[in-house]
Amino acid sequence: MSEAKSISEAEFLTLFVKNEESLRAYARALLPTWEAVDEVLQQASVVMWKKLAQLENADGFLPWAKVIVRFESLRLRRNHARDRHVFGDEVFELLANEVGKVDEETCERERRALQHCLQQLPEHHRELVLAPYAGDGRVTRLAEEAGRTVNSLYKLMGRLREKLAQCIELRIANGGPV
Amino acid sequence: MSSPDRMAQTRWRELIEAHLLGAISDNESQELETALLANCEAREDFRQRCNMDAALRREASRLLVGELHKEPTGSWRPFFRPVWLSLAACLVLLLSFAAFYYFSNSDAEDLQVVSAENARLVNRADLLLVGAKLPLRELALESGFLRVRLGNGVLLDLNGPLAATFESGIKMRLLHGRMSVGVGSEGKGFTVVTDAGEVVDLGTRFCVEADAKGESRVAVFSGEVKVRTGGSGSEFIKIHEGEAVRFTALTGLRRWTEVALAVDAAGLERTPTKGVIASARDNLGNDKRHPFYGIVHEGMRPGALAFTDKPNPRWAPLPSDTLPSWLQGADLVRTYHQFRHKRNYSLTLTLREAAAVSVLIDTRQEPPTWLKDRFTDSGARVRVGPWMPSMAKTEGVEIGADGQPYVSFAVWRTTAAAGQFVLGPAHPEEQKEDSVALMFGVAVKALSPMSPHSN
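Protein chains in written order, with numbering that gives the first Met the number 0: chain G, 0 to 177; chain L, 0 to 454.
These aren't lab readings, by the way, just hints derived from the structure by calculation.
Check each hint, because a few of them may be wrong.
[Unchecked claim] Subject to a maximum C-alpha distance of 27 Å in a straight line, what follows is the list of computed DSSO-like cross-link-like pairs (lysine-lysine): (1) LYS237/L - LYS162/G; (2) LYS50/G - LYS65/G; (3) LYS237/L - LYS187/L; (4) LYS154/G - LYS392/L; (5) LYS132/L - LYS187/L; (6) LYS49/G - LYS65/G.
[Said to hold, decoys possible] Under 10 Å between C-beta atoms, here's a sample of chain L residues computed to sit facing chain G: (7) LEU19; (8) PHE45; (9) ARG56; (10) ALA353.
Quick caveat: nothing in here was measured; it's all calculated off a predicted structure.
Cβ coordinates follow ideal geometry from the N, Cα and C atoms, glycine included.
Extracted from the complex, chain G is given alone in its bound form:
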């Protein structure tokens, strides 16, 4: 890259790391699985790096990065069109537009509220809610230890997640410290 950049390489790294969680949450709304999100983030980070000269200042990073993530998500969707859990074009466009416009402060408030709500759960429920992300057969192991089927554990997980979502909503609505 021979042209001068407004954002330095070190600044780009800082911005990317700082906003990675928001970008992942955005991509999650557009893509059916975490594997797809990881792939898109990887591709998008390379594109961002190559097009860094387009970025005028740090404030514009997140909206600019979201556009790139949206484009890469669209590309991946085309390659996975046969996947029955990929949303149609119309829903994709609606989500991409609406989710992309939500301000970062709102998202950050929700994340902080989640931290608080997670701590309200008993430890074994907390472990269960986090188990699907461990990727090492943890849910199956927990089911075996509890003497339950995996299906019943997923149902309990769904109820706990609903509880967390409602806790977050309530905490934000009541203006609790977040």
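Based on these hints, arrange chain L on the given structure of chain G.
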């Protein structure tokens, strides 16, 4: 909100959770899509829960890293560095080639050259010869092939161009290039670090490749390794024989479907594989890049992993049954489940001698023409699973005693002469596009009981 609205809200929230947990059925997915299209409240709920999902995943990663730091370290230390350093390293490699740096190394151990073919080191005019010793420091192989042995018996097959440094006899950093590693009991715990993460040997033979863009790829030929990325989603995952993954510091682990290695360069032919199958190659990709097929000698047994790109489904007899003796211990080809929809797919096996070829096919589908023409249904049935919970609602899926979904497969058999044997696509020509059928499996056994390739 009125009562019907509240009911609708409760319903779409259930569907959103099922979607995020990967437990949603096809019909439910359609229902969710309809709700999202019709209701802005549903889309806002969806956004909030995706945000929550992402935050939960991050929290789980943080806890997992905490657990890993409590592991007994044995002969290696957990490798930790801030995410921004990992990113900086990746991006430096994006901009330039092979940056070298020195580690002071008071260890007098050398690398011994075991074999070499046109091996030329950077800054060294002559070719390397067998028996030469190299300092256990940095290694820059400009071209050719080099096999070296460390003092602990670890064997490294290096393919130029390659750049690496050694921190000790048990830990090295691969800056870029590809290599395969053969580790015996003395070298267990041997660690290869790349800018994307680290690979820890658990007693095995594996191949690792790092490229200048910051991606690394690992394929395990025998045994297993432990891999973790250097990014914020850092986690250790075991990669087993016949499996391959790719990863970067940013995005964690993904199953690797393309291998940027010719068979020879990967060292596969330098380590003669046992078994009746000399190779398995499909018609996808091009000369340089093709899917890596895990071939497991005598691998067909209860609990064997069925697919290269699926971590859970395993072959097993039907409940209260056993695998047929003619199938048990056959060499197993781990096919790619993601290729099940490819209409023009073909898989060519190269057989060292005459063999019985078994194709295991989903009983819910009409067998393809190529299978009916050349094979016979043996009548034997096996099952594969477990699958995702969402499969439980699909027609023809059985729920096992463990509460998880399994699918029955029919075993079709034929005999084949030595040489090439071609299999076709999973779906017959007239199959509907939205078919739920799965990819077939392949097992091959030498016909002669006296064969050196049979058990």
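Cross-check of the supplied hints:
This hinted pair does not check out: LYS237/L and LYS162/G have alpha carbons roughly 33 Å apart, beyond 27 Å. A hinted pair counts as satisfied when its Cα atoms are at most 27 Å apart, and LYS50/G with LYS65/G qualifies at roughly 13 Å. Distance hint between LYS237/L and LYS187/L is fulfilled; the C-alpha atoms sit about 15 Å from each other, no more than 27 Å. With a C-alpha separation of about 14 Å, the suggested pairing of LYS154/G with LYS392/L holds against the 27 Å cut-off.
The suggested pairing of LYS132/L with LYS187/L holds, with an alpha-carbon distance near 23 Å, which does not exceed 27 Å. With a C-alpha separation of about 15 Å, the suggested pairing of LYS49/G with LYS65/G holds against the 27 Å cut-off. Hint on LEU19/L holds. Least Cβ distance to chain G is approximately 8 Å, under the 10 Å limit. Interface restraint check for PHE45/L: the shortest CB-CB distance to chain G comes to about 6 Å, inside 10 Å, so the restraint holds.
Below 10 Å, beta-carbon pairs count as interface contacts, and ARG56/L has one with chain G at about 5 Å; its hint therefore holds. This hint is violated: ALA353/L has a C-beta 38 Å from the nearest C-beta of chain G, more than the 10 Å allowed.
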